[in-house]
Amino acid sequence: MKGKKLFLFVVLVCGFSLAAKDGVIVVREAYLQSEPDFLASRVCTLAYGTVVSIQSQKDSWSLVKAGEKQGYLHNSVFGGGKKSILASRTSKTGVSEKEVALAAKGFSEENERRIRRARGFNFTDLDWMIGIAVTVDELRKFASEGGLK
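First residue of the sequence shown: 1, per the working numbering; consecutive thereafter.
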């Protein structure tokens with residue numbers, strides 16, 4: 001009888017340790033890749049706050065499921081293990097998702113106005129840079145021409 005209980009305990013412990021963990025995307029957008037490589041084809045784009053199920057991890061990549069999609073995400077999109085702010089994002093606080101993202105980074109519209117006045121920071125250029133989108137083909141070409149890969 002003790003042997004059966006011990007076996008059952010070991011099976012349960014192993015089962016829980018093998019269970020998938022959840023991860024929350026903490027960047028503006030993350031590309032779900034077909035392979036664990038930045039130059040791999042993109043399966044889909046995941047938005048800030050998306051919850052994914054982490055199936056396995058190897059080196060700096062995680063195999064994840066997001067709804068019906070499966071692919072690889074670099075671990076940097078999960079925020080380095082910091083406490084998730086998902087609860088803040090989903091609660092009825094009356095703040096927008098953008099405000100939560102800015103607050104998570106210690107930034108607010110008031111801070112932006114203060115920086116703009118004090119330092120003459122050009123947010124137009126920053127907005128332009130944020131708006132740049134690079135395709136996988138452009139990235140491959142850049143890496144190839146630069147002898148990077």
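By construction, these hints were calculated from the structure, which means they are not laboratory data.
Just so you know, these numbers come straight off a predicted model, no measurement behind them.
Please note that the accuracy of each hint is not assured.
List time: in silico DSBU-like cross-link candidates among lysine-lysine, alpha-carbon distance up to 35 Å [claimed, not checked]: (1) K21 with K69; (2) K69 with K141; (3) K69 with K58; (4) K65 with K141.
What follows is a list of derived Cβ distance ranges for each label pair [said to hold, decoys possible]: (5) E68 with V27: 33 to 41 Å; (6) K65 with W128: 29 to 37 Å; (7) I130 with R42: 24 to 32 Å.
Glycine residues also receive a C-beta, built at the ideal position from the N, C-alpha and C atoms.
Now for the hints, and whether the structure bears them out:
no. : hint                      : verdict
1   : K21 with K69              : 16 Å, holds
2   : K69 with K141             : 27 Å, holds
3   : K69 with K58              : 19 Å, holds
4   : K65 with K141             : 29 Å, holds
5   : E68 with V27: 33 to 41 Å  : 22 Å, violated
6   : K65 with W128: 29 to 37 Å : 35 Å, holds
7   : I130 with R42: 24 to 32 Å : 19 Å, violated
Going through the hint list in order, the structure does not satisfy hints 5 and 7.
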